[in-house]
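Asks: These are the residues of each chain, in order.
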Amino acid sequence: MTAHNNVPRTLPRFSSTFDPHTLAEIRRAAATGIYDIRGGGTKRKLPHFDDLLFLGASVSRYPLEGYREKCGTDVVLGTRFAKKPIHLRTPVTIAGMSFGALSANAKEALGRGATAMGTSTTTGDGGMTPEERKSSQTLVYQYLPSRYGMNPDDLRKADAIEIVIGQGAKPGGGGMLLGQKITERVAGMRTLPAGIDQRSACRHPDWTGPDDLEIKIEELRELTDWEKPIYVKVGASRPYYDISLAVKSGADVVVLDGMQGGTAATQDVFIEHVGLPILAAIRPAVQALQDLGMHRKVQLIVSGGIRNGADVAKALALGADAVAIGTAALVALGDNDPVHEAEYEALGTTAGAYDDWHEGKDPAGITTQDPVLSARLDPVKAGRRLANYLGVLTLEAQTIARACGKSHLHNLEPEDLVALTIEAAAMAGVPLAGTEWIPGKGGTY
Amino acid sequence: MNAQATAPLAADLTFDLADQPLRDLNAALHKAGVETNARRWHVLNPNGRHAVAVGINAPLEIEIAGHVGYYCAGMNQQARVTIQGNAGVGVAENMMGGFVHVKGDASQAAGATAHGGMLLIDGNAGARCGISMKGVDIIVKGSIGHMSAFMGQAGSLIVFGDAGDALGDSLYEAKLFVRGAVKSLGADCIEKDMRDEHKALLAEKLAAAGLAGTVDVSEFKRYGSARRLYNFHIDNVDAY
Chain A
1 MTAHNNVPRT LPRFSSTFDP HTLAEIRRAA ATGIYDIRGG GTKRKLPHFD DLLFLGASVS
61 RYPLEGYREK CGTDVVLGTR FAKKPIHLRT PVTIAGMSFG ALSANAKEAL GRGATAMGTS
121 TTTGDGGMTP EERKSSQTLV YQYLPSRYGM NPDDLRKADA IEIVIGQGAK PGGGGMLLGQ
181 KITERVAGMR TLPAGIDQRS ACRHPDWTGP DDLEIKIEEL RELTDWEKPI YVKVGASRPY
241 YDISLAVKSG ADVVVLDGMQ GGTAATQDVF IEHVGLPILA AIRPAVQALQ DLGMHRKVQL
301 IVSGGIRNGA DVAKALALGA DAVAIGTAAL VALGDNDPVH EAEYEALGTT AGAYDDWHEG
361 KDPAGITTQD PVLSARLDPV KAGRRLANYL GVLTLEAQTI ARACGKSHLH NLEPEDLVAL
421 TIEAAAMAGV PLAGTEWIPG KGGTY
Chain B
1001 MNAQATAPLA ADLTFDLADQ PLRDLNAALH KAGVETNARR WHVLNPNGRH AVAVGINAPL
1061 EIEIAGHVGY YCAGMNQQAR VTIQGNAGVG VAENMMGGFV HVKGDASQAA GATAHGGMLL
1121 IDGNAGARCG ISMKGVDIIV KGSIGHMSAF MGQAGSLIVF GDAGDALGDS LYEAKLFVRG
1181 AVKSLGADCI EKDMRDEHKA LLAEKLAAAG LAGTVDVSEF KRYGSARRLY NFHIDNVDAY
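Sequences listed follow chains A and B, in order. Just so you know, the working numbering puts 55 at position 55 of the first sequence, and the rest follows in order with no gaps. Just add 1000 to wherever you are in the second sequence, counting from 1, and you've got the working numbering.
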């Protein structure tokens, strides 16, 4: 015992409550007086498909031979009322993303990739561009509260109509496209002055509530001679009731988007604190369909955090008919690619974390309207990357389905799954691995 | 199709919704110009049906003999539609062109999001008249309800009577003309000078509706966007 400096000292310790990110946000708010706006979906860790595992076939069930025995992947959407349902080769669709939020080249690439794999892509707030109609064999036309660019000619050109009530990143929120991205073309399509901060309404202007929605759906059907499947898209918040009411209102297809689903631009506080993770939303939605006797008659598309074929298979096993991808599709095109690291650093971020999509400075040329940046994205090559990725998702899902002994992806079922955590078991309604315990079973929504 | 010809319009075709499905009416209207030369249509017994005469893209004259429900003449592109009665929510919603005339009153959201054409309402219109309007001209000979022209982007809303609360809230570039009292203005909507060019514009719109000389344009006040909310600024936070 000689020197004081030999006494062990307490290391600097960050608070879990006031962690470095939180402290930085407090300082940023104090300096700017405005909330943080960003793109993408929630970044917090949530119970997700990774918390589920498949039970492969063994003695009690036998598997299908990979590469030899067929495992179907196709899906038909809109069989309830539409005269012309759409038939997709893979159950992985492309979620709604707008021209305005994305460059014209990015929209074209999405269309090319989806078309090559026999699936659909979707318009967004701001209307349909000729490029995306031309490049998309099957195009879903979104009907949004803003009605920017909405017109009956494009409605007739669409293969399906998606009435957007909300989205997972911001259930209850409207759209936002800041002035940097409101170029002359974007402004013209939206009937707005160039350069303004565009804030789309959060509610539809000419109806409120499910009784009106039923009448709105009837109008859209009458407008299009009952040909087009009509989807209703909701952000995951009260899925049992929202899906029930969408079905009651006459939807052919319901789209359920979890909080991992991306947005072009919204307040970070909204993205991180409103809505449900998709894992918690699928079973209540499926239960609603089953209670109404409409499961598989009204198709369910789920989205929000789908990344690989296992996620696709798990979503389908929980009862979905198809999935939609948005963020993952952008990554396949080239979003957040480390090849642009020097430019991401110049923007104060790093590849993989870039989310200031609203600023229109995307080095990858995807979430921008800057003609120089947009020209960096080759829609043919990017479309091919997306097609490759969609192909892998489908193959991976088939691999799992065959291992579970299924001759079609739609034959996957909750009984093929177990959960690794109590939370995931409760949310997905499947047993905790190694037990027969389904927490919350017997409860009501 | 029912071939009976009845007054008041000597119709080329008469369609009786008491006997024939709405779906057949709209489908026939969509095919008009391709499968028939009939240009004047008389629709009987609408009885408040929704979605009557929607999505018409031909220069037809359609007279509807009675009251209609929601979304009558929705997304109209070329037709001239006359409603001999009242109209429910969203009459002429998202209209692109043509002329829609409501002889009675209109409910909420009349002319909502409409991009073009003209909507003439002889009576009153309810709340949210011209909400999110994108280029349509709307003339209301009576009064309008609250939150009218909310987020109005383009076009003109002309009101012979009064306007309710929060007129022109969050307005973009739509032009509002009101002859009577305005109960209150919405966020970022202000009264503006009524210069000669605006009187001329108003007179032109009235003439297009066949109302030239029926009112004195100098009796109207003009309202428009102050454009303070076009780009977010923290000092305006109370207005959001």
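Derived from the structure by calculation, the hints contain no laboratory data. Don't be surprised by glycine CBs; every beta carbon is placed ideally from N, CA and C. Heads up, a few of these hints could be off.
Under 10 Å between C-beta atoms, here's a sample of chain A residues computed to sit facing chain B [stated by the list, open to error]: (1) Asp19; (2) Thr22; (3) Leu23; (4) Glu25; (5) Ile26; (6) Arg27; (7) Arg28; (8) Tyr148; (9) Lys157; (10) Leu178; (11) Gly195; (12) Pro205; (13) Leu220; (14) Leu223.
Asks: Each hint: holds or not?
Replies: Checked hints:
1. Asp19: Since the shortest Cβ distance to chain B is 26 Å, the answer is violated.
2. Thr22: At 21 Å from the nearest chain B Cβ, Thr22 (chain A) fails the 10 Å test, so the hint is violated.
3. Leu23: With a minimum Cβ separation of about 22 Å from chain B (threshold 10 Å), the hint on Leu23 (chain A) is violated.
4. Glu25: At 16 Å from the nearest chain B Cβ, Glu25 (chain A) fails the 10 Å test, so the hint is violated.
5. Ile26: violated, 17 Å
6. Arg27: Interface hint status for Arg27 (chain A): violated (16 Å vs cutoff 10 Å).
7. Arg28: Where the cut-off is 10 Å and the nearest Cβ of chain B is about 13 Å from Arg28 (chain A), the hint is violated.
8. Tyr148: holds, 8 Å
9. Lys157: Given a least distance of 13 Å, the restraint on Lys157 (chain A) is violated.
10. Leu178: Cβ of Leu178 (chain A) sits 8 Å from chain B, so the hint holds.
11. Gly195: This hint holds: Gly195 (chain A) lies near chain B, its Cβ roughly 8 Å from the closest one there, short of 10 Å.
12. Pro205: holds, 4 Å
13. Leu220: holds, 9 Å
14. Leu223: holds, 4 Å
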